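The task is simple: from the sequences and hints, build the whole structure.
Those protein sequences? They're chains U and V, same order as listed. Take the first sequence: its position 273, counting from 1, is numbered 1187 in the numbering used here, and each next residue is one higher. Take the second sequence: its position 93, counting from 1, is numbered 101 in the numbering used here, and each next residue is one higher.
Source of the hints: derived by calculation from the structure; they are not laboratory data.
So, partial list: chain V residues that the calculated Cβ filter (under 8 Å) puts toward chain U:
hint : residue
1    : R56
2    : G60
3    : N82
4    : L84
5    : Y97
6    : L100
7    : I108
8    : R111
Given the structure is predicted, the values throughout are model-derived calculations rather than measurements. Backbone N, C-alpha and C fix where the C-beta goes; we use that ideal spot for every residue, glycine too.
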Amino acid sequence: MKPFKNVYNEWVKIVAKPRSYLGIGAITVLVAVIVFALKADGMSFISFVTASFEQTLTFQGQVLNGNLVAFIVLQMLVIHVPLLVALITGDLISGESAMGTLRLLLTQPISRTQVLASKYIAGAMYTALIVVWLGILAIGLGHGMFGSGDLMVLNSDGLVIIPEYDIAWRYVGAFAVAFLALNTVATLSIALSCFSDNSVGPIVATMSIIILFTIIGTLDVSVFDSIRPYLFTTHMAAWRSFFEDPFPVNEIKNSVWVLLIHQALFWIISFIYFNRKDITT
Amino acid sequence: MNPIVSVSKLHKSFGAFQALKGVNFNVYPGDVFGFLGPNGAGKSTAMRCMLGLIHADQGDIQIFNQPLQSNKTNILGKIGNIIEKPDFYKYLSAERNLEIFGRMAQHPIHTRTLHEILDFVGLLERRKDKVKGFSHGMRQRLGIAQTLLADPDLIVLDEPTTGLDPQGIIDVRELIIRLKEEKGKTIILSSHQLQEVEMIANRMVIISKGKTVIEGEVASLLNAQDCIVKMHTTNNDHVRQILHVSYSTTTLHCDPNQGLSFPLQKEKIPHLIQSCVENNIGIYEVESKKQLENYFIQMIQNETV
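Next up, the structure:
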């Protein structure tokens, strides 16, 4: 099966590239810094958040535990991880074009659709690796250094306390949706990569689009109200919905659909363009 | 004999610029086919069209008696190529690079075959080294190794000696000759090194401004027109006078030690020798050769006119 052999090829290339370890390394350092910072002065951080409740509520047990640390880490990093993902995926086609290997790749007995599909699959694998590594570090380090306990989450509706026995599946779901959101970024950057012959352009363009859409999504201007629900950036933080009570099934389903439709759209655009593209470099 | 490659009425435009305006040529099994033209003539565009890298606007490309458009994947499985310069994944070793391209081949390529190919191009000892440490000549040889991976019937080489030092040029030339003689490959060779094409190719096409100027056997094309005659005699100045008076020919080069060189029709050479004898001019050496370079320039100039 050639498509799968080429997925293996793409994976070999990703693994051999030094920049692939930049994302893994950056996440490792950042998680370690956050966890050690919370260990050193976490209680003052928690007191700052819970200050408004302390007059009406009494907290028993360890509020700053591994589950809360994992949640804080996820919340802090999920904003920055798209850049680390785009750094690799934005280079998958344009990097080959800049290096000159694209013309050799496209004169092999494998269709352009298969080449592009392999890159999408390898890009998704790398994104999954980043998410899994983030999860292992956040939950593993968090539990290792802070122990376990109930999760206390502050969201727009107030304080939600999730019992310890009810947390594991929520993290699995949250990381799955976080993967979906990051894979939308990966798909966007690969699609942009088809249009460029240099590696930097698609990475910068991806981040510019994310920033632009995020600004549109957060600006409290009524003119954007109609498009806001359809922007993928609006649903980048959908993983947080797993830590709400009652559990917002429809909201999550809606986010999943929006993200999947965006991915499909980016796939279709890139497949059409890439199959018609003249390789002149 | 059916051509292995048949290209007819190939047209391609990039915006308002017409890169190809009707390129035609045929390549037959066993040919070393020279693909010549000045810079910007459309050679690379035509070659990229043949390999499916560029989509032609009009025209027909048949390879192995199959239309390229509808059998691209199958056809590409039987073609090895180097377009412009062989670029590889610099962060991978030579062997790893070949493994990547080998996995895409129509049939599995065993490690032993891969090592044989690396040995053929003289890179077996360096197979574990990363490509980023390779010289241009070594990359070129690795490029040739890559073209051989799937044991293709047709090899397309676009400027395979560009940027190489004299020894590198000789190495690549010898490799191409071995590909033809030892492995019986059909080779399409584009090069600015006309002397090289003249030495290796048996057939050729010259294209200019996106059109085919002439196509045929190298030997017959070069013999059909004027020759460049090199002559060394006891009285070169007298020979120059004879040439001027009797044949209205201007001497291209005159050196007391190396003799004269001048253009002359082949059938007039015996008359010239006879004139020399009648004028008591001793002849040390006569050599007639149609140089591809002159022929090429003449064809391009005719096309321009």
